[in-house]
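Residue numbers (this note's numbering), protein chains in the order written: chain W, 37 to 343; chain Z, 2 to 500.
If you are wondering where the hints come from, they were derived from the structure by calculation, not from laboratory data.
Just to be clear, a hint being listed does not mean it is correct.
Stated by the list, open to error - Within a straight-line C-alpha distance of at most 30 angstroms, the following computed DSS-like cross-link-like pairs (lysine-lysine) qualify:
id, chain 1, residue 1, chain 2, residue 2
1, Z, K167, Z, K215
2, Z, K309, Z, K394
3, Z, K274, Z, K448
4, Z, K4, W, K175
5, W, K171, W, K252
6, Z, K311, W, K76
7, Z, K162, Z, K257
8, Z, K399, Z, K409
9, Z, K309, W, K76
10, W, K66, Z, K315
11, Z, K309, Z, K397
12, Z, K162, Z, K215
13, W, K175, Z, K9
14, W, K205, Z, K448
15, Z, K394, Z, K311
16, Z, K409, Z, K311
17, Z, K262, Z, K167
18, Z, K140, Z, K59
19, Z, K315, W, K76
20, Z, K4, W, K171
21, W, K171, Z, K9
To be verified - Derived DEER-like restraints, expressed as beta-carbon distance ranges:
id, chain 1, residue 1, chain 2, residue 2, range
22, Z, P418, W, K205, 35 to 41 angstroms
23, W, S63, Z, R37, 57 to 63 angstroms
24, W, Y235, Z, Q197, 58 to 64 angstroms
25, Z, Y353, W, L86, 46 to 52 angstroms
26, Z, S221, W, S245, 56 to 62 angstroms
27, W, N108, Z, E128, 50 to 56 angstroms
28, Z, K61, W, N110, 44 to 50 angstroms
29, Z, I11, W, P339, 40 to 46 angstroms
30, Z, E105, W, W176, 44 to 50 angstroms
31, W, L86, Z, M318, 18 to 24 angstroms
Just so it is clear, the structure is predicted and the values come from calculations on it, not from any experiment.
Beta carbons: idealized from backbone N, C-alpha and C, even for Gly.
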Amino acid sequence: MTNKDNLFTFADFDEKESERIAAPRYSYWKSVWRTFIHNKVTVTVCIIMLTVVIFSMIQPIFSKYDPMYAPNINDASMKFLKPSLQYPFGTDNIGRNLFDGVWAGAKNSLIIGFVCTFINMIIGIAVGALWGFSKSMDKWMIEVYNVVSNVPFLLIAMILSYVLGSGFKSLIFIMCVSNWIYVAYFIRTQVMIIRDREYNLASRCLGTSTWTMITKNILPFLISVIMTYVAREIPATISYEVFLSYLGLGLGQDNASLGRMISQYTTYMNAYPHLFWIPVSVLAIISVSLYIVGQALADASDPRTHM
Amino acid sequence: MEKGYYLKRIIRSIFSVLMVITIVFVLVYTLVPRDRIFFNDDTVVKLGGKPDERMAYKYKQWQRLGYLTYTNMNQYCTEVYTTGSSAHEACVLAGSKDEKAFVEKYEADGWYIDYLPASGSPIAYKERPIVSRITEWFKNLVVIDSVNAVQDENNPDLERKVYFGKTPTGGLALKCSGCTHKYQLYTDLSFPFIHQNWITLDLGTSYPTFNSLKVLDVISASQGQEDRVDTVFENGHTETSACKMTSLTYKYSLDKLDKNKFDDNYADCEINKKDPSMIGISFIMGVIALFLAYGIGLPAGLSMARHKGKLADKIGMVYIIFIISVPSLAYIYFFKYLGSTIFGLPNAFPTYGAADIRSWILPCISLSLPSIAGLMLWTRRYMVDQMNADYVKFAKAKGLNQSEIYRKHIFRNAIIPIAQGIPSSLAGCITGAIITEQVYSVGGMGKMLPDSINAYNNAMIIALAFLFTGISVIGVFLGDVIITWIDPRISLESKEDGR
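Could you build all of it, start to finish, from the sequences and the hints given here?
Following this line, the structure appears as structure tokens:
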């Protein structure tokens, strides 16, 4: 009996302590970061990705690679060299250093992937949020979508590339001119799903403006979905650039491009396999790592995983 | 209710097809410089030394292709003077005094004037508005054959009648004399067994590639070597011929060979060839790939969902990530390399041709790879989403075993959004696959769009845009019909409430 009495003591009433809120401080982005670095695989892939990205941004500055410049074009001893210390990836059919070419191409692919995705996402989210929110806008936007999504994209791309000429800016324009509407359509569907939830109805009853509804109530809810889309969009854009270059569109002859490299070197796949497989592997490493990091970021940005 | 919806939906679909064609027309005919259509035209090269004739030829082609209407001194003089008169002869000569009147007359009407480079003789032309060209295109789209279709001055006594008869292979036929096609309706042993020539589509005439062939014939006629068989013609004449008898059409000027074989004027026929048509090859390939995709993708997605987080799921995810993130060009070459070095399969379609089954294996597999990944991903997603639903918990509580729940409850609900995509992907087969067909040099539809854009074959571009749009609109529509059919809870009509 006496023992039990000793186990408990009366606590003094502490006003300061009672005012403190029990839950730990929650910062959204800190939680995202914590969840993100929790996974060992994604951190490893992220390091690989960053290395490749930084290297492909810096290496071309020093190599000053120009696909039109081939000083060894008449020197047969310089062609089709196997990878060595001097030429880490060997040389190609006209004696250019493949190592420089691959990184210059990777740089262009990455820039196109990021810039186009950025532009498409910005326009797409802005239009899609309004589109999903307003039913009167939905009526005619859905018709616009039906029409635009039915024009073969290849047709638009090819005609525009003949009209604008090939090059960096026109390629980015081509990749953005109609693709934002797919993002907008995707966002529209997502917005429509959560638009009529109770908290939004309540918010509307309290007189919240459309702008605040979209930016404060709806878009934060969509961050993880948007990140998932971005994770898929960047490799898809890079992939599409490769496809266009394969068809002879895309970047012009004077810009290094992984896509054109791959399509040019396919003929040497059996005789000089390194010429084909090295650009393909670099491209695969870039897009796979981008995809995995993007997916991990999408998972981490979902508040439901912040436990 | 539903009927009204379908009607509205059809009207809207027609509207979108119309808009797409308009956009394509505008893109093709206003943005691409019109001189480029002659890049691949041999006639222009041949006329290189004769600048006047070359220019006249260009204007003639532009008029034929619908860019403009033009007129020259020849036509003007024939209008003003009687042919053969001395005034007419003086008028036609270069540098005549009538040229001034010609220029003044047409300039006043708002025509543009151009001068032939050598003789300096004027040409007047007027652009045709894009709207009138689009309406004309649609007006000519559907051709309905009739007894009065053939108007031949050299054959005034042509009998005009429709009658029953037999095809040379013994099928029943509804024949016609006076129509363009001899066989209007006939049966034979090839799918779909009943064929017709009564209503045909006219998608324009191809130029400059496949010059002056009908666009539809280019993509739907058989290819490769001629398929010659011993044929008995209707008048008893026998010879080895590749002529497809049921495709006979009216021929205006018969030669000696024709008269040998045919008693009437129906002497033009399609040539039977050994390989399937472009559409045919793409469609066969696409359908095989589709079967592969559903046959592998669905079960794989199912087992991924059942063993979520386990080894099967992880292997599946690796494959999906590989396909999604590696550019298709790279993995198509990768599988081609694997298939041709390890399994000794042909690495190009024409090596053994369409008749050999080995030619089809690699292209079909490479075509199905991305669809397998997509199906796996979405099947898994939908299954996993359904797994936490209340009805599943209820089924579990009732004591159903795992496989019964998966097969009879979850799968049936998860399959709905997947079933919606089936008509689209089936119809999409005929549009072909650009990269796969190029990598394996398959003579299918995939190469047609890029090729015709590169060759500035405008009629072909528009026809393909029309076909592809029509197919995709129909596919989406059928998909929606199918989901309401297999899941009665779904209603296509949205409830109206204003905002």
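Hints and how they fare:
1. K167/Z - K215/Z: holds, 28 angstroms
2. K309/Z - K394/Z: Given pair K309/Z, K394/Z holds - Cα atoms ~17 angstroms apart, limit 30 angstroms.
3. K274/Z - K448/Z: holds, 20 angstroms
4. K4/Z - K175/W: Status holds; Cα separation ~20 angstroms.
5. K171/W - K252/W: holds, 20 angstroms
6. K311/Z - K76/W: Answer holds: K311/Z to K76/W is near 18 angstroms, not above 30 angstroms.
7. K162/Z - K257/Z: With Cα atoms ~26 angstroms apart, K162/Z and K257/Z stay inside 30 angstroms; holds.
8. K399/Z - K409/Z: Holds, because 14 angstroms separates the two Cα atoms, which is no more than 30 angstroms.
9. K309/Z - K76/W: It holds: about 20 angstroms lies between the C-alpha atoms, which stays within 30 angstroms.
10. K66/W - K315/Z: holds, 29 angstroms
11. K309/Z - K397/Z: Given pair K309/Z, K397/Z holds - Cα atoms ~18 angstroms apart, limit 30 angstroms.
12. K162/Z - K215/Z: holds, 27 angstroms
13. K175/W - K9/Z: It holds: about 13 angstroms lies between the C-alpha atoms, which stays within 30 angstroms.
14. K205/W - K448/Z: holds, 27 angstroms
15. K394/Z - K311/Z: It holds: about 22 angstroms lies between the C-alpha atoms, which stays within 30 angstroms.
16. K409/Z - K311/Z: holds, 23 angstroms
17. K262/Z - K167/Z: It holds: about 17 angstroms lies between the C-alpha atoms, which stays within 30 angstroms.
18. K140/Z - K59/Z: holds, 26 angstroms
19. K315/Z - K76/W: holds, 16 angstroms
20. K4/Z - K171/W: holds, 23 angstroms
21. K171/W - K9/Z: holds, 18 angstroms
22. P418/Z - K205/W: 35 to 41 angstroms: holds, 39 angstroms
23. S63/W - R37/Z: 57 to 63 angstroms: holds, 59 angstroms
24. Y235/W - Q197/Z: 58 to 64 angstroms: This hint holds: roughly 60 angstroms between Cβ atoms.
25. Y353/Z - L86/W: 46 to 52 angstroms: holds, 48 angstroms
26. S221/Z - S245/W: 56 to 62 angstroms: holds, 57 angstroms
27. N108/W - E128/Z: 50 to 56 angstroms: holds, 52 angstroms
28. K61/Z - N110/W: 44 to 50 angstroms: Roughly 48 angstroms apart at Cβ, these two residues keep to the hinted range, so it holds.
29. I11/Z - P339/W: 40 to 46 angstroms: Taking Cβ atoms as reference, I11/Z and P339/W lie about 44 angstroms apart, which means the hint holds.
30. E105/Z - W176/W: 44 to 50 angstroms: Holds - the Cβ-Cβ distance for E105/Z and W176/W, about 49 angstroms, lies within 44 to 50 angstroms.
31. L86/W - M318/Z: 18 to 24 angstroms: holds, 23 angstroms
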